[in-house]
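2 protein chains.
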Amino acid sequence: ATDLMTVLFFGKFLRYDADRPDRPENDRLIFSKGHAAPLLYALFAAAGKISETELMTLRKNDSRLEGHPSMAFPHTEAATGSLGQGLSIGVGMALNAKFIDRLPYHTFVLLGDSEMAEGSVWEAIQIAAHYKLDNLVGILDVNRLGQRGQTMYGHDIKAYVKRIAAFGWHTIAIDGHSYPKIVDAYKKALRVKDKPVMIIGKTMKGAGIPYFSNKDNWHGKPLSLKELETVLKEFGPVDKSVRANIALPKSVKRRPAPARPPVDAYTYDKPTATRKAYGMSLTRIFPKYPDLVVLDAETSNSTYAEIFANKYPDRFFEMYIAEQNMAGVALGLARRGKIPFVSTFAAFLARAYDQIRMSQYSRANVKFVGSHAGVSIGEDGPSQMGLEEIAMFRAIHGSVVLYPSDAWSADKLVEEAARHRGIVYLRMTRKETPLIYSQKDDFPIGGSKVLRESTEDVATVVAAGVTVHEAIAAYEELKKEAIRIRVIDLYSVKPVDAATLKRAAAETKYIITVEDHYPEGGLGEAVRSAFDSTAASILSLAVRKLPKSAKPDELLDYEDINRRAIIQSVRRLVNSARSSKVSASLL
Amino acid sequence: ATDLMTVLFFGKFLRYDADRPDRPENDRLIFSKGHAAPLLYALFAAAGKISETELMTLRKNDSRLEGHPSMAFPHTEAATGSLGQGLSIGVGMALNAKFIDRLPYHTFVLLGDSEMAEGSVWEAIQIAAHYKLDNLVGILDVNRLGQRGQTMYGHDIKAYVKRIAAFGWHTIAIDGHSYPKIVDAYKKALRVKDKPVMIIGKTMKGAGIPYFSNKDNWHGKPLSLKELETVLKEFGPVDKSVRANIALPKSVKRRPAPARPPVDAYTYDKPTATRKAYGMSLTRIFPKYPDLVVLDAETSNSTYAEIFANKYPDRFFEMYIAEQNMAGVALGLARRGKIPFVSTFAAFLARAYDQIRMSQYSRANVKFVGSHAGVSIGEDGPSQMGLEEIAMFRAIHGSVVLYPSDAWSADKLVEEAARHRGIVYLRMTRKETPLIYSQKDDFPIGGSKVLRESTEDVATVVAAGVTVHEAIAAYEELKKEAIRIRVIDLYSVKPVDAATLKRAAAETKYIITVEDHYPEGGLGEAVRSAFDSTAASILSLAVRKLPKSAKPDELLDYEDINRRAIIQSVRRLVNSARSSKVSASLL
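Just so you know, the sequences run in chain order A and B. All the letters of the first sequence, read from the start, carry residue numbers 1 to 587 under this note's numbering. All the letters of the second sequence, read from the start, carry residue numbers 1 to 587 under this note's numbering.
Hints may be right or wrong, so weigh each one.
Note that the list lumps identical chains together, so a pair holds whenever it fits in one copy or between two copies.
What the hints assert, rightly or not - In silico SDA-like links for lysine to any residue, alpha-carbon gap of 20 Å or less: (1) 221 with 58; (2) 502 with 537; (3) 60 with 552; (4) 158 with 168; (5) 311 with 415; (6) 545 with 398; (7) 551 with 54; (8) 60 with 72; (9) 60 with 557; (10) 502 with 533.
Don't read these hints as lab results, they were simulated from the structure.
Based on the sequences and whatever the hints tell you, model everything.
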């Protein structure tokens, strides 16, 4: 890839102000084949932006030059290293240039041939053609060799040309080591209209060094000192003083963003699905958060992203049923200063988990919104039920996980998500839920709401989303029997309100968690982890039987996460406490 | 899709013994567009295998006829409903027929046009062509309309033909409502050699009923009673008594499986990476588990699946860097009685999480093996570190999560995984770890090993994998200060050995968990959840800072999950206990 990138950097094709990486006019370059990180660093060394001494800190503790491009290096556009993700990020940046910021920058993505096997690349390819992203240039380095041998197509350049062209791209196949051909390819690529361009370079891994050129078993392998001698001899003399400049971009006057008048006030006065409040809230907050962009995977009539799409079509992008690419595009938009909200069924966000995982290493400011969470969706059955995504999103470093229980809390939490910088997951419910809160209530991240409380509480029920309503119903029922319980709405599953939980544990003896999610990694375990090295008695109700198709209420009952199950658990704990008190007094 | 499927079922193309769904010679049919489940049920009703009464239980509690095809229905090959997964499952079944069982059955997959946007479909398409699966027939129902409007290509049949043909398939484009054309297409499809075939049918959603034919906004929407009247009128009279037969398959004499002589005994006598023991163990157990099949995503030289691949090339399938398809293929193989082991870097299994999620609903017998777990991989940096996958796999219903700490435990746990029926995740470490166990030790699923124990233990350290070695080192150090700790190797993270943990909590006051994984959903929370409604004081050490490139030991130290951190935690707990005892005695 060295030749392909050297011409890009120093042939005045890339226009990038290396002293101001955030300059909006800069071209963008993503190393989708992140394992080529040493080349990225070497290019910036050749541009005089890294010293030779720093170059030698590669992969060492506290070096900016990590094993794969990371945000520690100021010229990294997005952390890569999980293959097949860079093109989606590039699509996000190109969409931003063409449709949002209306800037003339180009986005270049260096791809490896091995990663072309990833379906996510083809998702990006199809959507780039769909949106006619003529400001996006892929550079495919076909060096034939993957980590453990030959790729599926080896050096069959035509196989790539045929497939990529079939998806509507302009393709330019070249000898990836011929400087005149590479120069010519970039010239052509920057002139193509209405289509993204893929430059397909036939290359030799380790080109120029017969000792390992085009040979297997050299992927990520260091040379012995003896081998190094041979290789340096084959390579010939090196002039380490060579430096060259990266061309600067032209300054562009930004058009002011169109004014967005505030939307008409709305109010909730009857049971409303939180997913619907999501769509409403997006339209409400957009004038306050003009960087908002909304993406959806062909489910906007279910997630209610369509409410936003209908009002602000210029800021809604249909991503079709391709969740991996959607997450990558969102990251690309976020890296260009946007606040992307990404919605689909909660269950289908699992499709993008590797992209979500990687985005935590890119300081991503992306909001994921999963509708149709839990068994409470009912008849559609388990394939459509999000039952693992709290675990999935909690395990992301520094993430926020929010789970509203009514329209007002959903409305406010969408705004909290927009205001917060970082990865946020919002869990939405399909069915309508009664109103608990009013417009006046606030829902800070990391907080909770104590909905029922007395000095006689025997247990605390910690719930979120649909189970809040079950907990309130259980409270009413138990009150008739003179059993008082505390009810906490843990709308912020991460970070968790440890202080309120600890107070509840100290005051009410038992904690019962109840959630419409599998037990592992969910609300129950979030509550347990709030008690670091202090003891608490916690009983967790969660989805423990394989779900099926049935009515929402039948399923909440079947899984023992409804009012009936809460009431039984409270009674059981109270009775066992009484009987152990009795046996203690008998001793 | 009704016309396309009716001809398949009753035109003597599908050969399927509906009274014996498990018959090896049966053709296989997967509804990748799982939302067409009512059609699947209706076809079996027409074949006389479901009564009209049962058909009316669709989506009701305890019906076999769920909202999307589930295993409750005996003719479901694999649970579907998350789009874009069926073709991979079909590839697994076709691979089985062609290369393993050598049976003449065909695998048919009904695909929707919306799901063609999923990259996983293209992963399946490329691999099917690579393995020349001429026993695989896709039927693509291009009805133009997705859930919320037109698909990316609408009724542009040529767009599909061009793309699918470019990937090396034989394509047959037809009017999907013309019976003679459909008959002709199946005839042709079954004669094609060396290529998979895609029949691309141009269809109208709601064909034959002008009220909603080819009209938007009818996806998954029930009719009002008044609309139903109109529609039934348009449809005309229905003869509910019509029944037809599905053709039976021909009986085939199975070839006996080739004899696999036991491999030479091997032994471990020096530090060995658990990932290497994985490859060794696979070769050892294959003669005992002749249904074993191994898949890897172009990482077999890192996961050491290559040890198996080199010895038994006929049972190893290179899946290239396409993890989603790999998981789907594994499910297809498992549904045909095989025991697939699927390996790649632990981090990259996140790529297949939706496929893994769905496979829990197909009673999958698949073993996922993630190498390079945790920060202990070192210099390659966070993109390559599996730090979320314990959470990911624990949240799968009925799953088993195993995490060996040395070569012998790895060796045995691979066999436990093979013996167990269900989804198992095995977490492997990149670096070499010293031997703790011997060949004589057993590691039953759900067990643990108490490695250090005395009556004076002040705390219990619960570790797994690399942290077991840190815990042992901490034990040795603290022993010099006359502080005794208990050390438990929790090699079975799920199910968890609650009895041993409860005994430890009762006997040692404090529990310290230490894991090379993010805190959420990992070992620490697994331990916490073992204490349902009983109190225990648990302190959790886990990866809490954003990781980076550095040496493995530097990273274990940086994240406070090494011997130093364990020792400090024990001292702190002991001292705080002492000082609270002192203050109590002063009162």
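- [ ] Could you place residue 551 and residue 54 in one of the four classes (within, between, both, neither) given a Cα distance threshold of 20 Å?
- [x] between (62 Å within a copy, 18 Å between copies)
Task: Copy assignment of residue 221 with residue 58, given that the CA separation must stay at most 20 Å - done: For residue 221 and residue 58, the Cα distance is within 20 Å only inside one copy (15 Å; across copies 58 Å).
Task: Intra- versus inter-copy proximity for residue 533 and residue 502 (alpha-carbon distance at most 20 Å) - done: both (12 Å within a copy, 15 Å between copies)
Task: Homomeric proximity label, residue 311 with residue 415: Cα distance no greater than 20 Å - done: within (18 Å within a copy, 58 Å between copies)
Open item on the list: Regarding residue 60 and residue 552, is the shortest C-alpha distance of 20 Å or less found within a copy, between copies, in both, or in neither?
Closed with: between (54 Å within a copy, 11 Å between copies)
Open item on the list: Treating 20 Å as the Cα threshold, decide for residue 60 and residue 72: within, between, both or neither.
Closed with: within (13 Å within a copy, 54 Å between copies)
Open item on the list: At most 20 Å between CA atoms: does that hold for residue 545 and residue 398 within a copy, between copies, both, or neither?
Closed with: This pair counts as between: shortest inter-copy Cα distance 9 Å, intra-copy 31 Å.
- [ ] Up to 20 Å between alpha-carbons, please classify residue 158 paired with residue 168: within, between, both or neither.
- [x] Both ways: residue 158 and residue 168 sit 15 Å apart in one copy and 12 Å across, limit 20 Å.
Task: Within, between, both or neither, where residue 502 and residue 537 count as close if Cα-Cα is 20 Å or less - done: Intra 11 Å, inter 13 Å, cutoff 20 Å: intra and inter.
TODO: Up to 20 Å between alpha-carbons, please classify residue 60 paired with residue 557: within, between, both or neither.
DONE: This pair counts as between: shortest inter-copy Cα distance 15 Å, intra-copy 55 Å.
Violation of the numbered hints given earlier is absent; every hint is satisfied by the structure.
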